[in-house]
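Asks: Next come the chains, spelled out residue by residue.
2 protein chains.
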Amino acid sequence: MSTPQIDATIAALRELLGDRLSTGDSVLDQHSHDEAYTTPARPDAVAFPETTEEVSAILRTCAQHKCPVIPYGIGSSLEGHVVPLHGGITIDTSRMNTVLEIHESDLDAVVEPGVTRTQLNDALRATGLMFTVDPGADATLGGMAATRASGTNTVRYGTMADNVLALEVVLPDGQIIHTGSRARKSSTGYDLTHLFVGSEGTLGIITKLTVKLYGQPEKIAAATCAFPDIASAVDTVILAIQMGLPMARIELLDEVQMRGMNIYNPDLQLPEAPHLFLEFHGTEAGVEEQVESFGEIAREHGGSDFQWATRTEDRNRLWQARHNAYYAGKALRKGCEGVVTDCCVPISALADCIAETKGLIAASGLIAPLVGHVGDGNFHLLILIDPADPSEAERAKALAAEVNELSLKFGGTVSGEHGVGLGKRKYLPQEHGAAYALMGTLKKAIDPDNIMNPGKLVTLN
Amino acid sequence: MSTPQIDATIAALRELLGDRLSTGDSVLDQHSHDEAYTTPARPDAVAFPETTEEVSAILRTCAQHKCPVIPYGIGSSLEGHVVPLHGGITIDTSRMNTVLEIHESDLDAVVEPGVTRTQLNDALRATGLMFTVDPGADATLGGMAATRASGTNTVRYGTMADNVLALEVVLPDGQIIHTGSRARKSSTGYDLTHLFVGSEGTLGIITKLTVKLYGQPEKIAAATCAFPDIASAVDTVILAIQMGLPMARIELLDEVQMRGMNIYNPDLQLPEAPHLFLEFHGTEAGVEEQVESFGEIAREHGGSDFQWATRTEDRNRLWQARHNAYYAGKALRKGCEGVVTDCCVPISALADCIAETKGLIAASGLIAPLVGHVGDGNFHLLILIDPADPSEAERAKALAAEVNELSLKFGGTVSGEHGVGLGKRKYLPQEHGAAYALMGTLKKAIDPDNIMNPGKLVTLN
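Top line first, the protein sequences correspond to chains A and B. Residue 14 in the UniProt record's numbering sits at position 14 of the first sequence, and the numbers go up by one each step. Residue 238 in the UniProt record's numbering sits at position 238 of the second sequence, and the numbers go up by one each step.
It should be emphasised that the hints constitute simulated quantities derived from the structure, not laboratory data. There's no promise every hint is true.
[Said to hold, decoys possible] In silico lysine-lysine, PhoX-like type, Cα no more than 25 Å apart, as pairs:
#1 A/K397 to A/K334
#2 A/K444 to B/K66
#3 A/K426 to A/K444
#4 A/K409 to B/K397
#5 B/K334 to B/K358
#6 A/K444 to B/K444
#7 B/K397 to B/K409
#8 B/K212 to A/K212
#9 B/K409 to A/K212
#10 B/K444 to A/K66
#11 A/K219 to B/K397
#12 A/K444 to A/K66
#13 B/K397 to B/K334
#14 B/K409 to B/K426
#15 A/K426 to A/K409
[Said to hold, decoys possible] Chain A regions said to be covered by chain B (calculated; three or more residues, Cβ under 8 Å):
#16 176-185
#17 234-242
Even for Gly, the Cβ is constructed at its ideal location relative to N, Cα and C.
Assemble the whole structure, with the sequences as input and the hints as a guide.
Replies: Given below as structure tokens:
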């Protein structure tokens, strides 16, 4: 993009947005990266629209000047999704953060894209309803939809793909469209909602979402359980799912991660063995029955050291510890940085895939604690590196690459929930084969000038 | 299409398929219609491929001659989806009917598109697993995916959109692609699986499906319950869902439908009042608890005359009666034909929408029993007409049109599960607004010569 072009874009947007268009250094820096371990790049300006119509006007202006547009939620993505590789205008949706409608009878809510998951749950508190998708960060719902995020309770309540009913999207030419409806299902036409969920801002910007809600369970019980090895933990989970136990959360933490948990959480002293962290939702009697059935299966597979948390504060402490797994992992090595992986395979292959992964970690000589949403066949490594030692970064990248290859070898995907962004682009042709070219066809059809988050997800020829 | 073109296509396909390309009158007639009340149209020939490679070769040939291609499962669709409006080659997938793989640990199966839902469940019998989506007909899984079908237990187990993990698809140019994987979730790239599910053969042909399975519940109980009016039945369902009762089936049948049920099923003599037909899945204790909780809510809303069916044969009789609702409805009027509607709205609007629908039925002077998947906000009318009286067909079409308008007025969709086909095309611009044009953009990008099921779902300019 030439300087006169970007200057003209900025001048037009300044007229539209006034001081809600920023070119200040600190704002540009803040929008130059996400949480990924990648090279930052600055946008030319950051726009803070407050309405869909403003987003549409911004897109029309950018389309006219063929200026790149990078949608930005809260910057918590993990694969460089929001890095403005080619400069351009970052659209920060933080001022579009109103919970617009809550429909208690329909179990849905309509929100602006800058609403975060905890903000929505706060707004729901009086209703007895809850929004369930919970990635590690307090991400925005727009960003979570764009990356097809999931979390610790996906095994029961689904990913963003399962929980978005309808979207308002501004297309690259500024047109505003509405996909889906508040009806629970429909068979009328191409499923555009699912097309935009997971499109990472490369096809348009989400300006409104209708998401599913669930009634808060009458009873919740959480537990931790130690296992002699990872295969036993995974087999326990497979059997429990086959039996139809409706577990709300089943998280795997390996012995390395547990050592970090014990360092980081002084009140959580658990055996340094592979663990499942569990949660059961239901009626009083239903939860009791789930707990009993799970306990039987676990004990048959060598599960021991059950610790129960039924009081709200104990449960919160447990899940807070799980949500802080990233920091607990980093506590294993002072001053380290972390490189995160995101492998997801059919659950029958999970134990073997993790065993091979463990071999690769050992060969790398690095420390890499493991946590997994084991009910989904999804696990993450946090590869710990010394930022002062470039050779460690290289070895971490090599290890991450080997794990990506393993994901594919075991019939899975190189990302269960973090998305493609920059980091996983090169694996897409291998994972999707001829279907990858079709993704390019769709991108070209919807965004012929390639202005939407260019260089992410799909690389055009 | 010119005669030389179609002759050349048929000659090339005859070479490929031998006597598995048919131009016989009875075969052409059989493939000239589905179950919709529409004007039939014959294909020029019907191909019976046995492999994906053959489908690919057929598509390459048809693409070369720009010859229309109509994918055909078992012909049970309800909106004229398979009618060869412009002639061409119908691809009948009935010879691609092998259950290829069953993965018990992963709860999934890989099947060819001609496998029917009961065939898959028969193949699963020894495993203790089940495939859940159950439209009225014993449809093929390829057809069910293509129309985004659902059924009586969608409220618990989801639609085809929720139950297809991966697809093999042959594109209009003959290219074979694979979408999704057997991993339970993925965030890598555009969601092509959901794009093809519901695309009604207009973007390609499904040649393989990976579908989700569930463990058969330990205990199943079914029941019928009468209500003083439809609003009370709907309110009961709303409250039960809000409370998180995991009901497997909640079907609404109005008093007119119940009269038909009593005529058609001599052993099912129930009060001629609105009814819910229910099913509960779970453990022994869990089902008992669900039954009790539901009973309390229902009685508060005037529910009465509970009839329980816990023995397998009683349950089967009950659901067989429900699955035969179409014939029971027709039993209300000798020698009649039926026109089926398919409205789906947010559940909070369902009672009002049905009340207005009832007013429209009364004004039409026609008989139109109503059944509904009430947990999904979806209901059907079966409008009964005398085929000898053209004015009745006109009044039925007018009534169906009014119901479609109501669907949209109440924030819903003109098809919950039957699809667009021919019958609902004209409502798509109204339902989807600017998003409809985007559907046309996608169709043009994937099928630029418009050979795939032309004239269905989306009408190109």
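Asks: Indicate, hint by hint, whether the structure satisfies it.
Replies: Hints, one by one, checked against the model:
In summary, the hint linking A/K397 to A/K334 is supported, as the alpha carbons are separated by about 20 Å, within the 25 Å threshold. The hinted pair formed by A/K444 and B/K66 meets the criterion: a straight-line CA distance of about 23 Å does not exceed 25 Å. For the proposed pair A/K426 and A/K444, the alpha carbon gap of about 19 Å is at most 25 Å, so the pair holds. Only pairs whose Cα atoms come within 25 Å are accepted, and A/K409 paired with B/K397 is rejected, the gap being roughly 54 Å.
Between B/K334 and B/K358 the CA atoms are separated by roughly 22 Å; this keeps the pair inside 25 Å, and the hint holds. The straight-line distance between the Cα atoms of A/K444 and B/K444 is roughly 12 Å, inside the 25 Å bound, and the hint therefore holds. Under the criterion of a C-alpha separation no larger than 25 Å, the hint pairing B/K397 with B/K409 is consistent with the structure, at around 18 Å. The straight-line distance between the Cα atoms of B/K212 and A/K212 is roughly 21 Å, inside the 25 Å bound, and the hint therefore holds.
With a C-alpha separation of about 21 Å, the suggested pair B/K409 and A/K212 falls inside the 25 Å cut-off, and the hint holds. Between the alpha carbons of B/K444 and A/K66 the distance comes to roughly 23 Å, so the proposed pair stays at or under 25 Å and holds. Among the hinted pairs, A/K219 with B/K397 is inconsistent with the structure: their alpha-carbon atoms are about 50 Å apart, more than 25 Å. Proximity of A/K444 to A/K66 is assessed by CA-CA distance (about 14 Å); at most 25 Å being required, the pair is judged to hold.
Of the pairs offered as hints, the one joining B/K397 and B/K334 holds, with about 20 Å between alpha carbons and a cut-off of 25 Å not exceeded. A C-alpha spacing of about 16 Å is found between B/K409 and B/K426, which places the hinted pair at or below 25 Å, so the restraint holds. At most 25 Å may separate the alpha-carbon atoms for a hinted pair to count; A/K426 and A/K409 meet this at roughly 16 Å. For the stretch 176-185 of chain A, the stated coverage by chain B holds: 9 residues have a C-beta nearer than 8 Å to a C-beta of that chain, and at least 3 were required.
Counting residues of the stretch 234-242 of chain A whose C-beta sits closer than 8 Å to any C-beta of chain B gives 3, which meets the bar of three, so the coverage hint holds.
In terms of the numbered hints stated before, the structure departs from hints 4 and 11, listed from lowest to highest.
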